[in-house]
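Peer 1: One letter stands for each residue in the lines below.
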Amino acid sequence: MPHATRPSTNESAFVLSALRENLRLDSRAIDQYRPISLKFSSDPDVYGQTDVRMGKTRVICNVSCEVITPYSDRKFDGVFNINCELSPLIGAGVEIGRPDQAELLLSRLLEKSIRRSNALDTESLCIIAGQKCFHVRADLHVLDHDGSILDACCLALVAALQHFRRPDYEVHGEQVTVFDVREREPVKLTLQHQPFCVTTSYYDAGTIMVQDATLLEEQCREGEIVVSMNRHGEVCQIAKYGGVPVDALSVLSVVKQSWEKVKMMDSVVREALSKDERERDKGGRMKAELSAENERVMERPVG
Amino acid sequence: MRYDRDIKNAKAIDRSSSRKTRSIPDITSRNPSPPQLHPHNTPSMEATMVLLPGENVPTDHLPKPKKGKLTLGPGLQHTPPSTISATTAGSLQVDHRKAALWLEHAGGRYQPSVGDLVIAQVHHSSVDTFSCALTPHTSFAILGQLAFEGVSKKTRPQLKAGDVVYARVSKASKWEDVEIECFNSATGKAEGMGQLKGGMVFDVRPAFARRLMMGTDKEGVSKGGVVVLEEVGGKVKFEVAVGRNGKVWVDSGSVRETVMIGQLLRGADEGGWDVEGQRKAVKKALRDV
Chain S
1 MPHATRPSTN
11 ESAFVLSALR
21 ENLRLDSRAI
31 DQYRPISLKF
41 SSDPDVYGQT
51 DVRMGKTRVI
61 CNVSCEVITP
71 YSDRKFDGVF
81 NINCELSPLI
91 GAGVEIGRPD
101 QAELLLSRLL
111 EKSIRRSNAL
121 DTESLCIIAG
131 QKCFHVRADL
141 HVLDHDGSIL
151 DACCLALVAA
161 LQHFRRPDYE
171 VHGEQVTVFD
181 VREREPVKLT
191 LQHQPFCVTT
201 SYYDAGTIMV
211 QDATLLEEQC
221 REGEIVVSMN
231 RHGEVCQIAK
241 YGGVPVDALS
251 VLSVVKQSWE
261 KVKMMDSVVR
271 EALSKDERER
281 DKGGRMKAEL
291 SAENERVMER
301 PVG
Chain Z
1001 MRYDRDIKNA
1011 KAIDRSSSRK
1021 TRSIPDITSR
1031 NPSPPQLHPH
1041 NTPSMEATMV
1051 LLPGENVPTD
1061 HLPKPKKGKL
1071 TLGPGLQHTP
1081 PSTISATTAG
1091 SLQVDHRKAA
1101 LWLEHAGGRY
1111 QPSVGDLVIA
1121 QVHHSSVDTF
1131 SCALTPHTSF
1141 AILGQLAFEG
1151 VSKKTRPQLK
1161 AGDVVYARVS
1171 KASKWEDVEI
1181 ECFNSATGKA
1191 EGMGQLKGGM
1201 VFDVRPAFAR
1211 RLMMGTDKEG
1221 VSKGGVVVLE
1231 EVGGKVKFEV
1241 AVGRNGKVWV
1251 DSGSVRETVM
1261 IGQLLRGADE
1271 GGWDVEGQRK
1281 AVKKALRDV
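Note that the protein sequences, when read in sequence, are chains S and Z.
Under the numbering used here, the residues of the first sequence are numbered 1 to 303, in order.
Under the numbering used here, the residues of the second sequence are numbered 1001 to 1289, in order.
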């Protein structure tokens, strides 16, 4: 079967002329993101499942864990894997098990942004050094593709990691007891920072920079720059795989623009997480029951 | 009483109308809106019946044909002796006058049938044909290089990959490549078909494209329930071509107007606006431009 057709000359010429007049086909601003909808699983026992929609783009993420033996060369670390797949629901040209270049790039960028930047502290996943550790795996499925799948995937993954809870455990000497979720309340993962990816597509040799491109805009672009950073402005990676050359000052301004978008995405995730926590914890009883802190009275130091 | 029916399969009842250019219509010819007749609400039928694939049409819904022949449209299949079953999910439409019945389904997949006007994109050319794509991920449709008006072996049309043409399906069957042509082979005239230059192509659902092409009935009321293009045409000058394969080509004076028309089309299609909603959306959009 022939693969998807490239857009016609009429469409690409029109998209370009619209962008030159600062117009996008859905009346957004040049750097405006589509409204992001982030949902968690409604099942109260399930943690770590997210469903992200950016316009028509839809990504779901599921984080799960199990207890395994750590790698012999990394005795003190747990294992964290990210598995990202484009589902055949996107279109007839996508097959499972045969990743094309877009899928490989997607996986590679997610690895660089999340795993290599140590967003999830793998040392915290260790139970007994050299013998037992947690293996956390994140499975991402892209269900619908209308551009910006990397941005949506990263957001879904980070939100799922922040939402997920691993089972609690106790170690007595060499004996480990991993408690079931019904016995003890599961524990959140330790994330050192929350990185997000912002993809900027450019046209006209870098003079027009567009954020959150739709599929049509992506097919007409001359290249893209992917910036991964967290809300503190710390850049995890900058990727520009080929495309028309762009001067360094433009790349710097793109990084600056991306920071604003990352702050926006971070606030979306935090708002959704706090809303979900309020819904799961109606009345605030669980938080009060589970906390082992005593009431601390702040006293003024004498003297 | 048992009717002896000789049922034959017919092609789609509603033919798409060929309409490429339109100028600003006269303001005087617009009538105040009577109740809109949508095919789903025609008074000739009782309640709309929705069928799922495999369900049989109950006998009381079948029209009584005068000549003893019942015509079946798309979505229905006849298993002798007298069962008619649905092949897709859709609402049953009956035309008692023509003794015909068919299913209206809002599917996303376009299946070519002879006589449809489509917007095709040229993929590549070979010795004497162009291979064009009607829908993504399907086999190419063949457009003969001489299937244009006023063309001979010495003067062939110059179409490159990525060009867009307005054509009519001349041959469509399950076992052969689909063939399209850019002229009316009976008269030899283009009738609005041929290369579409400039403008923008918007994607809509094939069922919506069909409603756009239904035209207006005797009182000037839109049969498909879509008035977006007519309303906009009252204030803005533009050219439009609707392809039954779910593509609408729009060319207007300015980029902003074309973007606005595209958004209105998408809203009417995906938002499911009714006629009043469409009118309000058009008024709002025209004010912003």
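Treat the hints as calculated values from the structure; they're not laboratory data.
Don't take each hint at face value.
Claimed, not checked - With a cut-off of at most 16 Å between alpha-carbon atoms, the simulated EDC-like pairs for lysine to aspartate or glutamate come out as follows:
#1 Lys263/S x Asp31/S
#2 Lys75/S x Asp121/S
#3 Lys56/S x Asp1203/Z
#4 Lys1064/Z x Glu1104/Z
#5 Lys56/S x Glu1270/Z
#6 Lys1069/Z x Asp1095/Z
Here the structure is a predicted model, which means the values were calculated and not measured.
Peer 1: State for each hint whether it applies.
Peer 2: Okay, the hints, checked on the actual structure:
For the proposed pair lysine 263/S and aspartate 31/S, the alpha carbon gap of about 14 Å is at most 16 Å, so the pair holds. Taking the CA atoms of lysine 75/S and aspartate 121/S, the gap is near 14 Å; set against the 16 Å cutoff, the hint holds. For the given pair, lysine 56/S sits about 14 Å from aspartate 1203/Z by alpha-carbon distance, which is consistent with the 16 Å threshold. The suggested pairing of lysine 1064/Z with glutamate 1104/Z is violated, with an alpha-carbon distance near 21 Å, which exceeds 16 Å.
Using a Cα cut-off of 16 Å, the hinted pair lysine 56/S and glutamate 1270/Z holds, with the two alpha carbons roughly 12 Å apart. Pair hint lysine 1069/Z plus aspartate 1095/Z holds up; C-alpha atoms about 13 Å apart against a cutoff of 16 Å.
Checked against the numbered hints listed earlier, the structure breaks hint 4 alone; every other hint is satisfied.
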